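Residue numbers (the numbering used here), protein chains in the order written: chain A, 1084 to 1386; chain B, 64 to 356.
Calculated from the structure, these hints are not laboratory results. Keep in mind that this is a model prediction, so the values were computed, not measured. Please note: incorrect hints may appear among the correct ones.
Stated by the list, open to error - Taking lysine-lysine and the DSS-like style, the derived pairs with C-alpha atoms no more than 25 Å apart in a straight line are:
no., chain 1, residue 1, chain 2, residue 2
1, A, K1121, B, K268
2, B, K353, B, K268
3, B, K268, B, K351
4, A, K1373, A, K1121
5, A, K1213, B, K351
Stated by the list, open to error - Only some residues are given here: those of chain A computed to face chain B with a beta carbon under 7 Å:
no., residue
6, P1134
7, L1138
8, A1203
9, L1207
10, L1234
11, I1313
Claimed, not checked - So these bits of chain A aren't anywhere near chain B, every CB distance computed over 10 Å:
no., residue
12, F1183
13, T1246
14, Y1272
By construction, the Cβ of each residue, glycine as well, lies at the ideal position given by its N, Cα and C atoms.
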Amino acid sequence: MTAPAAPVTRAITAPAPADSQPPLRRRRKPSLHGTLSKVIIALIVIVQVYPLAWLFITSLRTEHDFATGDPFALPTSLTWENYARAFETGNLGMNILNSFIVTMGANFLIVLLGMMAAYALQVLGFRFSKFVRGLFLIGIIVPVQIALVPLFIDYASINLLDTYPSMIIPLAGFALPMSIYLFCSFFEYIPRETYEAASLDGAGPYRIFGLITLPLSVNTVVTVVLVNSIFIWNDFIFANTFVLSEGLKTIPLGLQNYIGAMGKTDWTATFAAVCVTITPLLLVFLVLNKAMIQGLESGASKG
Amino acid sequence: MLPNRSRLSVLVFLLPPLLLYGVAVLFPIMQSLFLSFFSWNGISDMEFVGLANYVRMLTGDDIFWRSFFNALGYLAICLVLQLGGALLVASLLTSMRRGRELIKTLYLLPAVISTVAIAFLFVRIYSIEPVGLLNQLLHWIGLGALERPWLSDIHTVLAAVSAPEGWRFTGLYMLIIYAALLSVPQELEEAARLDGASRWQLFTKIRFPHIMPVWITTTIMATTYGLRGFDIPYLMTNGGPGQSSELLTTYMYKTAFTSTDFGYASTIAVFIVVECLVAVGLILFMLKRKADA
Chain A
1084 MTAPAAPVTR AITAPAPADS QPPLRRRRKP SLHGTLSKVI IALIVIVQVY
1134 PLAWLFITSL RTEHDFATGD PFALPTSLTW ENYARAFETG NLGMNILNSF
1184 IVTMGANFLI VLLGMMAAYA LQVLGFRFSK FVRGLFLIGI IVPVQIALVP
1234 LFIDYASINL LDTYPSMIIP LAGFALPMSI YLFCSFFEYI PRETYEAASL
1284 DGAGPYRIFG LITLPLSVNT VVTVVLVNSI FIWNDFIFAN TFVLSEGLKT
1334 IPLGLQNYIG AMGKTDWTAT FAAVCVTITP LLLVFLVLNK AMIQGLESGA
1384 SKG
Chain B
64 MLPNRSRLSV LVFLLPPLLL YGVAVLFPIM QSLFLSFFSW NGISDMEFVG
114 LANYVRMLTG DDIFWRSFFN ALGYLAICLV LQLGGALLVA SLLTSMRRGR
164 ELIKTLYLLP AVISTVAIAF LFVRIYSIEP VGLLNQLLHW IGLGALERPW
214 LSDIHTVLAA VSAPEGWRFT GLYMLIIYAA LLSVPQELEE AARLDGASRW
264 QLFTKIRFPH IMPVWITTTI MATTYGLRGF DIPYLMTNGG PGQSSELLTT
314 YMYKTAFTST DFGYASTIAV FIVVECLVAV GLILFMLKRK ADA
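Between the sequences and the hints, there should be enough to build the whole structure, so can you do that?
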């Protein structure tokens, strides 16, 4: 209801100051529209952000307060007890460590192999490169669910179920095409003369890769790592399918332990656990959000 | 092409990525295709059944069709929230002078949160006992009659599990569309404005046609992501109550790992892939026809 109301009140009150200050009058029309769009943006941003703020506030509520109170109300008293219970119930530290290992491992493969494939496709070039590009394109369109049953069977037959690689392999494999694509479009910008000059100096393809391509790609590496980390850190489906033992559970699986563990869910402790597990990625995001936003924009707008 | 390259060096750079990609993506796709012609529970011998799985899926399985139409509903809600919301906010944002970076960051925030956390959050938002955010809000604005347990009401559960997915990624698409809108030439807009074009005309005649290629990309992205949506419905309702929020992906997952019917699950998985390919083809086809007309 606030959205249409705002411009109306403005139209009524605006003329008075406009008489005394003529310059304002000229800007009145655009600012009317501007106010409306600001109100709409504010509402949408509230919808996007308030649930997360609410999550955090709830993690500081007492259990009694949560069960009886108005959900929008501010807590009557703040408590850190939920956090203590969250750490008692689960293995948050271990979950975070596992997520970290999986994210690092997958990112390492995605960056190194993505760069290598893009180097072969874009810089070295070969006869069937169009065909290979098409092959990699499949991985962008095809949903990950297709790989669950086959990988489960394959892992079972070579005893790879319930290991870090069982998560890292498909996560890296399905992210590889986009990474190759990003590196290819970056390699296009490296002038051919650079390579030709290096070739004349006697550098072979390996030295050129190590001395020219690799050092120049640092920015693209950061982009690829940031974008993929969001998805890998939060991966649920592969972890849920391939991991069974408590010691290997990543954050999404660890969080599930909080639900109905004792028949009744301890919501305030669960929300405390959620807040703890969100924090690492959120910090990275808030510190590096410029680079991340640029990466997301460039990654998709050219795809 | 690099002058001093050898055939060996191409292989050295290309084989390791192809190996990983083959093991993780290409080989499993073929295996699924293969398995879809068999009946197998993972323990006893595999039995070749020809097209029986496909016949069963397309003609004899009500749950399959239910899931298929649910998945289309889920997709529609996701597309409206993600692309509609993204286009609206991106357009409004271009007319703002300050605070653009802040709004971009805030709007993208939900994309950083894991699906498990989002599922927990929305379970509480929809809950009625103790009263959750949504029901409380409805009560306040005088729509108390609409209060309900959103996740156990069979009429609302599909929308309730779709909305979080739309909410989560709208920021991502907004960023992409916003970047495209910024690339619309200022002179073009200026000229149209001088000719007396309204804001709406400016948008439909100048801006939107200009961002068309990016719009196609985002539509394809959002559609393929929507068709593979799994985490949030699986975690929030596991397809229930009954089959009212069952999607093809959750149905396939349960067929594979609860009923351990690997053959039939692969058949459904193949169907999901075909569905994605058809959707991408349809989008490209429709847009091409529109462009030609």
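Comparing the hints with the structure gives:
no.	hint	result
1	K1121(A) x K268(B)	holds (24 Å)
2	K353(B) x K268(B)	holds (15 Å)
3	K268(B) x K351(B)	holds (18 Å)
4	K1373(A) x K1121(A)	holds (22 Å)
5	K1213(A) x K351(B)	holds (23 Å)
6	P1134	holds (6 Å)
7	L1138	holds (6 Å)
8	A1203	holds (4 Å)
9	L1207	holds (5 Å)
10	L1234	holds (6 Å)
11	I1313	holds (6 Å)
12	F1183	holds (14 Å)
13	T1246	holds (14 Å)
14	Y1272	holds (16 Å)
Hint violations for this structure: none, all hints satisfied.
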